[in-house]
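Asks: Protein chains in written order, with our numbering: chain S, 1 to 285; chain E, 1 to 525; chain Z, 1 to 312.
Because the hints were derived from the structure by calculation, they are not lab data. Treat the hints with caution; some may be incorrect.
Unchecked claim - Within a straight-line C-alpha distance of at most 25 Å, the following computed DMTMM-like cross-link-like pairs (lysine to aspartate or glutamate) qualify: (1) Lys72(Z) with Asp181(E); (2) Lys397(E) with Asp54(S); (3) Lys359(E) with Asp414(E); (4) Lys442(E) with Glu399(E); (5) Lys86(Z) with Asp179(E); (6) Lys86(Z) with Asp131(Z); (7) Lys184(E) with Asp60(Z).
Claimed, not checked - Which stretches of chain Z does chain E cover? Using the computed rule of at least three CB atoms under 8 Å from a CB of chain E, they are: (8) 65–72; (9) 79–92; (10) 113–123; (11) 145–157; (12) 256–263; (13) 279–291.
Backbone N, C-alpha and C define an ideal beta-carbon position, used for all residues, glycine too.
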Amino acid sequence: MSTTVSSPGTGRRRRLRLGRLPVTLIAGGLILLASLVLAIVPSAFAPYDPIAMDYMAILSPPSWAHPFGTDSFGRDVLARVIHAYTIDMQIAVFATTGPLIVGVIVGALVGYAGGVAEAIFGRIVDAVISFPFLVLVIAIVAVLGPGLGNMYIAVGVIGWVFYGRLVAGEVNVQKRLDYAAAGRAMGYTPGRIIFRHLLPNAITPAIVYWMTDMALAILLGSSLGYLGLGAQPPAAEWGVQIADGKNFMSTAWWISVFPGVAIVITGLGFSLFGDGLAELLRTKK
Amino acid sequence: MNTLIKSAFAAALLLGASSAALAVERGGTMTYGRYADSLFLDPVLNDANVDIWILSNLYDTLILPSDDGKGLVPGLATEWKVADDGMAVDLTLRDGIMFSDGSPITQDDVIWSLKRAANPDNGIWNFLLVAVDDVVANGDKGITIKLKHPDPAILAALTVFNAAIMPKKQFEASEGATDADKAKAFAEHPVGSGPFVLKSWERGSTMELVKNEHYWAKGEDGQPLPYLDGITFELLPDDATRILKLQSGEIDGAELIPYARVDELKNASGINMEMFPSTRIADVIMNVRPQIEGKDNPLSNEKVRQAMNYAANKEAIIQIVTHGVGTPMSSYMSSATPLHTGEGAVFPYDLDKAKQLMKEAGFENGFSTSILVLAGSQDEIGTATALQQMWAQIGIKLELQQVDNATRTQKYRDGVFDMRAGAWTDDIADPNEITSYYVYSKNIQAVHSGWKSDRADELFEASQKETDPKTRADQYAEIQKIYNATGPIIPLYETPYPVALNEKVHGFLQIPLGNNVFRAAWMDK
Amino acid sequence: MAFLSFIFRRLLQLIPTLAFILVVIFVLVRMLPGDPASAILGDRARDADVTRINAELGLDQPIPVQFGIFLKNIATGDLGNSIHLKVSVASLIADRLPVTLMLTAMAALIALVLAVPLAFVAATRQGRVADNSIRGAFQVGLSMPVFYVGLILLTVFGAQLRWFPVGGFGSSFVDHLYHLFLPALTLALSLAAILMRNLRAAIIGVVDAEYVDFARAKGLRSRLIMTRHVLRNALISTVTLFGLQVGTLLGGAVITETVFAIPGAGRLMIDSIYGRDYPVVQGLALALAVIVSLTFLLTDIVQAWLDPRVAR
Numbered sequence: 001m002s003t004t005v006s007s008p009g010t011g012r013r014r015r016l017r018l019g020r021l022p023v024t025l026i027a028g029g030l031i032l033l034a035s036l037v038l039a040i041v042p043s044a045f046a047p048y049d050p051i052a053m054d055y056m057a058i059l060s061p062p063s064w065a066h067p068f069g070t071d072s073f074g075r076d077v078l079a080r081v082i083h084a085y086t087i088d089m090q091i092a093v094f095a096t097t098g099p100l101i102v103g104v105i106v107g108a109l110v111g112y113a114g115g116v117a118e119a120i121f122g123r124i125v126d127a128v129i130s131f132p133f134l135v136l137v138i139a140i141v142a143v144l145g146p147g148l149g150n151m152y153i154a155v156g157v158i159g160w161v162f163y164g165r166l167v168a169g170e171v172n173v174q175k176r177l178d179y180a181a182a183g184r185a186m187g188y189t190p191g192r193i194i195f196r197h198l199l200p201n202a203i204t205p206a207i208v209y210w211m212t213d214m215a216l217a218i219l220l221g222s223s224l225g226y227l228g229l230g231a232q233p234p235a236a237e238w239g240v241q242i243a244d245g246k247n248f249m250s251t252a253w254w255i256s257v258f259p260g261v262a263i264v265i266t267g268l269g270f271s272l273f274g275d276g277l278a279e280l281l282r283t284k285k
Numbered sequence: 001m002n003t004l005i006k007s008a009f010a011a012a013l014l015l016g017a018s019s020a021a022l023a024v025e026r027g028g029t030m031t032y033g034r035y036a037d038s039l040f041l042d043p044v045l046n047d048a049n050v051d052i053w054i055l056s057n058l059y060d061t062l063i064l065p066s067d068d069g070k071g072l073v074p075g076l077a078t079e080w081k082v083a084d085d086g087m088a089v090d091l092t093l094r095d096g097i098m099f100s101d102g103s104p105i106t107q108d109d110v111i112w113s114l115k116r117a118a119n120p121d122n123g124i125w126n127f128l129l130v131a132v133d134d135v136v137a138n139g140d141k142g143i144t145i146k147l148k149h150p151d152p153a154i155l156a157a158l159t160v161f162n163a164a165i166m167p168k169k170q171f172e173a174s175e176g177a178t179d180a181d182k183a184k185a186f187a188e189h190p191v192g193s194g195p196f197v198l199k200s201w202e203r204g205s206t207m208e209l210v211k212n213e214h215y216w217a218k219g220e221d222g223q224p225l226p227y228l229d230g231i232t233f234e235l236l237p238d239d240a241t242r243i244l245k246l247q248s249g250e251i252d253g254a255e256l257i258p259y260a261r262v263d264e265l266k267n268a269s270g271i272n273m274e275m276f277p278s279t280r281i282a283d284v285i286m287n288v289r290p291q292i293e294g295k296d297n298p299l300s301n302e303k304v305r306q307a308m309n310y311a312a313n314k315e316a317i318i319q320i321v322t323h324g325v326g327t328p329m330s331s332y333m334s335s336a337t338p339l340h341t342g343e344g345a346v347f348p349y350d351l352d353k354a355k356q357l358m359k360e361a362g363f364e365n366g367f368s369t370s371i372l373v374l375a376g377s378q379d380e381i382g383t384a385t386a387l388q389q390m391w392a393q394i395g396i397k398l399e400l401q402q403v404d405n406a407t408r409t410q411k412y413r414d415g416v417f418d419m420r421a422g423a424w425t426d427d428i429a430d431p432n433e434i435t436s437y438y439v440y441s442k443n444i445q446a447v448h449s450g451w452k453s454d455r456a457d458e459l460f461e462a463s464q465k466e467t468d469p470k471t472r473a474d475q476y477a478e479i480q481k482i483y484n485a486t487g488p489i490i491p492l493y494e495t496p497y498p499v500a501l502n503e504k505v506h507g508f509l510q511i512p513l514g515n516n517v518f519r520a521a522w523m524d525k
Numbered sequence: 001m002a003f004l005s006f007i008f009r010r011l012l013q014l015i016p017t018l019a020f021i022l023v024v025i026f027v028l029v030r031m032l033p034g035d036p037a038s039a040i041l042g043d044r045a046r047d048a049d050v051t052r053i054n055a056e057l058g059l060d061q062p063i064p065v066q067f068g069i070f071l072k073n074i075a076t077g078d079l080g081n082s083i084h085l086k087v088s089v090a091s092l093i094a095d096r097l098p099v100t101l102m103l104t105a106m107a108a109l110i111a112l113v114l115a116v117p118l119a120f121v122a123a124t125r126q127g128r129v130a131d132n133s134i135r136g137a138f139q140v141g142l143s144m145p146v147f148y149v150g151l152i153l154l155t156v157f158g159a160q161l162r163w164f165p166v167g168g169f170g171s172s173f174v175d176h177l178y179h180l181f182l183p184a185l186t187l188a189l190s191l192a193a194i195l196m197r198n199l200r201a202a203i204i205g206v207v208d209a210e211y212v213d214f215a216r217a218k219g220l221r222s223r224l225i226m227t228r229h230v231l232r233n234a235l236i237s238t239v240t241l242f243g244l245q246v247g248t249l250l251g252g253a254v255i256t257e258t259v260f261a262i263p264g265a266g267r268l269m270i271d272s273i274y275g276r277d278y279p280v281v282q283g284l285a286l287a288l289a290v291i292v293s294l295t296f297l298l299t300d301i302v303q304a305w306l307d308p309r310v311a312r
């Protein structure tokens with residue numbers, strides 16, 4: 001940052017030193033990296049075909065042959081958990097990145113412009129958010145038909161407003177601070193002020209929320225999979241797997257517990273990474 | 001305490017114990033967990049099993065179905081006789097029968113109720129009474145039903161919920177201009193003829209029924225039925241919650257136990273896992289029209305359908321989906337349906353034969369098709385997922401499409417589907433209902449499959465007026481032979497009704513037609 | 001006065017929002033495949049019956065005409081009758097909505113009680129054991145599907161320990177609270193996790209910001225700094241987030257209500273969508289929109305109070 005306008009945070013004692021990235025960022029990053037590898041080449045790690053059924057080995061408990069046991073179709077749970085990374089990581093990314101980008105841009109512009117734009121945006125946000133999220137997604141998927149593609153559309157139509165409102169609120173506050181006024185006084189274009197000065201200070205909550213949102217997207221995908229509206233059988237997806245194991249919680253716990261653990265670990269990866277990122281963004285300023 | 005009193009006390013205890021083992025106990029309210037709430041408790045205007053299956057507790061019919069669902073036992077009528085020419089039924093009403101408000105059940109009420117049920121403008125069940133021409137009084141307790149043509153199923157039809165007897169005066173005094181409006185108002189404060197009467201109903205939560213003090217039937221102890229003071233239906237849509245609630249003793253019974261948990265509950269202490277015989281079947285229905293949305297349809301080829309039937313391993317599906325609870329179907333109708341014929345699975349698993357048939361049909365390389373399943377239904381998803389694997393072996397690529405019920409019904413009715421998972425339960429102890437839907441092309445195009453057999457249509461039409469039981473049985477044997485060999489379905493399995501009861505509950509029954517019968521249910525104190 | 005006119009302005013803004021929702025819902029439900037008659041009658045329906053019932057319901061009219069009738073009825077306070085349950089939509093809403101509101105309010109309260117203090121603990125002990133274990137625990141809570149958490153709580157605290165009833169809603173107010181505790185806790189877990197994460201990040205951000213340095217330079221005691229400056233500023237984005245999550249919370253109620261057998265509006269909504277019960281979906285959507293909008297207004301007011309610059 002070579003401008004003479006000083007944003008809050010500039011001139012702080014802490015400076016980013018290479019090799020001194022936040023621990024959380026590294027830990028989260030490692031989990032996500034591992035998840036990505038599993039997502040891209042699941043067959044390299046999965047011991048079996050995830051959809052092959054073995055009627056002779058229905059509901060087998062964990063063993064050397066099947067470390068995570070088998071489900072009610074005799075499918076290997078470990079293979080299905082690994083193969084599910086492909087779909088669930090895809091859900092995490094696809095269902096949130098579009099909304100993030102659209103939401104941040106719209107939010108920043110609206111927050112800076114204020115006035116009529118903000119009023120109209122406010123009404124849209126109110127209308128979208130006034131409706132229970134899951135119910136609206138279910139209704140839209142019911143209109144479009146089940147499947148992951150339609151699920152992304154349904155989530156995207158609604159999801160961007162969350163980011164938009166977070167960013168708009170922050171920008172709205174930031175633009176009243178002295179440094180923004182100084183920027184205006186120096187004759188910077190609104191674009192430069194918004195995206196170079198206001199946004200870096202306003203985006204942190206959106207980024208932190210994004211990481212949470214990715215974990216939430218996996219859960220939403222799972223909920224929809226559970227309701228039959230997300231990934232379609234025989235594809236392996238954690239939510240579908242948990243739903244498959246629902247009737248067996250007392251007799252064959254392994255069907256639902258292992259995918260549950262996978263959700264927790266992946267979610268943890270996103271959160272740690274998000275926290276680390278937030279820390280990094282703060283120190284970087 | 002001296003010895004004399006002591007021994008007298010012991011004797012009394014002994015007596016008490018032995019009589020308790022023999023005799024029923026009265027009183028108490030039984031709480032029963034249901035998976036879905038009722039919608040509209042009018043015998044004629046209801047539309048769904050959630051209503052049908054409890055209506056018999058609120059309204060009695062002239063004739064009642066027997067416990068095995070196949071026979072007839074006296075209800076509000078004590079005697080009945082079909083005229084020799086088959087053109088009329090004479091019934092005699094029971095003496096001293098009363099509605100739950102204490103007013104007498106008269107010939108007028110019966111005539112009005114039956115005519116309302118047979119009126120083609122009312123509801124969707126009037127087809128069961130389509131033969132009814134007129135209902136008249138005959139003497140001071142006789143009722144004569146005049147028919148347009150002989151109907152071999154007319155007595156069975158009189159046991160069905162829609163032919164239940166309601167109070168004409170109280171119904172007509174209800175607010176509203178049309179029959180439907182009056183039914184709505186009446187249903188808020190109903191007066192019934194069954195063993196129980198509706199006391200309160202918090203929709204989506206609980207429904208309370210209390211004993212009808214004026215009910216006619218007598219129990220084992222010579223006193224009027226029912227034994228229970230009341231029934232509380234609790235709505236518990238989640239399977240696991242319903243079972244937990246039973247295990248914690250908060251409810252006394254739970255319906256529709258998932259097959260996966262039947263074994264576990266059979267071994268649970270304090271719980272009786274009942275498997276009531278049923279008429280329920282599960283199948284896959286195929287669209288057999290030559291073209292679907294302009295594209296050629298391989299399922300229109302009889303050999304392809306047979307190949308798919310041979311390639312479907314029903315025993316494996318029974319293990320995977322019903323956890324061994326089900327049995328293979330030996331005809332399109334359940335083996336508990338009267339006039340059912342057949343033994344063993346319709347198409348026993350035979351992969352080689354299936355491959356051979358595919359070759360003969362010119363589909364050696366298979367094809368792609370799809371199946372509509374109900375979103376979130378573990379049974380249907382399980383069946384379809386298993387079929388997906390089984391049919392892959394004869395080159396068929398099956399795509400699963402999970403949709404909600406209304407969407408599926410629409411596609412099905414419009415004929416724009418390849419296959420769908422299906423299920424059926426009889427409402428009448430006669431094969432004519434299922435046959436009119438599954439086989440007869442002029443009703444709903446043979447379960448909307450587009451399948452048609454002129455011979456089967458002809459046989460069905462003849463059987464509907466056939467009064468000679470032997471001839472009718474032959475007609476049904478031939479219909480089943482034709483349909484089972486060339487029909488549009490993959491018959492999968494029959495399953496009983498899995499109901500779990502607290503061990504203190506006795507005498508509860510779900511008959512094969514689905515009716516939950518609480519009238520002779522009782523509980524240990 | 002500025003404050004009052006701010007509230008008034010926000011109330012006026014409700015009108016276009018609600019109008020927008022009405023139109024969208026009205027069209028959306030009619031875009032769903034199938035119609036009420038086939039949904040009611042199911043697979044066994046005959047064409048004649050379906051046509052007759054749809055005509056009885058006025059669904060054979062063009063959509064603009066139906067919308068006109070709907071608006072006219074709403075203007076007179078008539079939300080129509082449920083197609084399936086044959087009772088008035090208004091009475092259904094009156095029965096079911098308060099249940100869901102009670103559930104979500106309890107869940108929100110539990111989430112706040114869990115999140116706010118623990119976020120402070122975590123933020124002030126950044127990177128230490130307390131911080132990590134708090135965040136780990138919340139992460140597990142966040143990552144577990146609602147029906148799974150619900151079932152575990154029911155099994156442990158309901159069926160085994162018998163501390164709470166296994167589902168249901170009870171009959172008196174206190175009984176309702178007792179019945180709703182486990183479902184509210186289930187529902188609260190993910191909200192608590194989201195709030196905790198955000199608040200923790202915000203507190204850390206604010207503590208690092210220069211006005212705290214400035215306050216310290218002024219010689220204010222650190223506890224005072226914490227409550228007066230940090231809390232207030234960190235709460236701004238938390239309040240926004242909280243408002244944003246109300247809709248999600250109501251959505252989550254759908255599954256919670258099913259698992260815990262609670263006769264609430266969420267389940268009614270889903271049943272009505274599946275059953276194509278147009279009047280109920282429309283009426284309930286409107287009622288929910290009013291509730292959520294008012295919650296929004298409330299969060300805006302709180303925000304304006306925390307940060308007067310927002311109200312202008």
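Asks: Does each hint fit the structure? Answer for all of them.
Replies: Verification of the hints:
Taken as a hint, the Lys72(Z) and Asp181(E) pair is honoured in the structure, with Cα atoms around 22 Å apart against an allowance of 25 Å. Restraint check for Lys397(E) and Asp54(S): satisfied, since their Cα atoms lie roughly 19 Å apart, inside the 25 Å limit. The hinted pair formed by Lys359(E) and Asp414(E) fails the criterion: a straight-line CA distance of about 31 Å is larger than 25 Å. Under the criterion of a C-alpha separation no larger than 25 Å, the hint pairing Lys442(E) with Glu399(E) is inconsistent with the structure, at around 30 Å.
This hinted pair checks out: Lys86(Z) and Asp179(E) have alpha carbons roughly 13 Å apart, not beyond 25 Å. Distance restraint check for Lys86(Z) and Asp131(Z): the Cα-Cα separation of roughly 54 Å exceeds the 25 Å cut-off, and the hinted pair is therefore not satisfied. At roughly 23 Å between alpha-carbon atoms, Lys184(E) and Asp60(Z) fall within 25 Å of each other, so this suggested pair holds. Counting residues of the segment 65–72 of chain Z whose beta carbon lies closer than 8 Å to any beta carbon of chain E gives 0, which falls short of the minimum of three for the stated coverage.
Counting residues of the segment 79–92 of chain Z whose C-beta sits closer than 8 Å to any C-beta of chain E gives 5, which meets the bar of three, so the coverage hint holds. A count of 0 residues in the segment 113–123 of chain Z with a Cβ less than 8 Å from any Cβ of chain E is obtained; the coverage claim is therefore unmet, three being the minimum. With 4 residues bearing a CB less than 8 Å from a CB of chain E, the segment 145–157 of chain Z meets the requirement of three and the coverage assertion stands. A stretch counts as covered by a chain when three or more of its residues have a beta carbon under 8 Å from one of that chain; for the segment 256–263 of chain Z and chain E the count is 5, and the coverage holds.
With 0 residues having a Cβ less than 8 Å from any Cβ of chain E, the segment 279–291 of chain Z misses the three-residue criterion, and the hint is violated.
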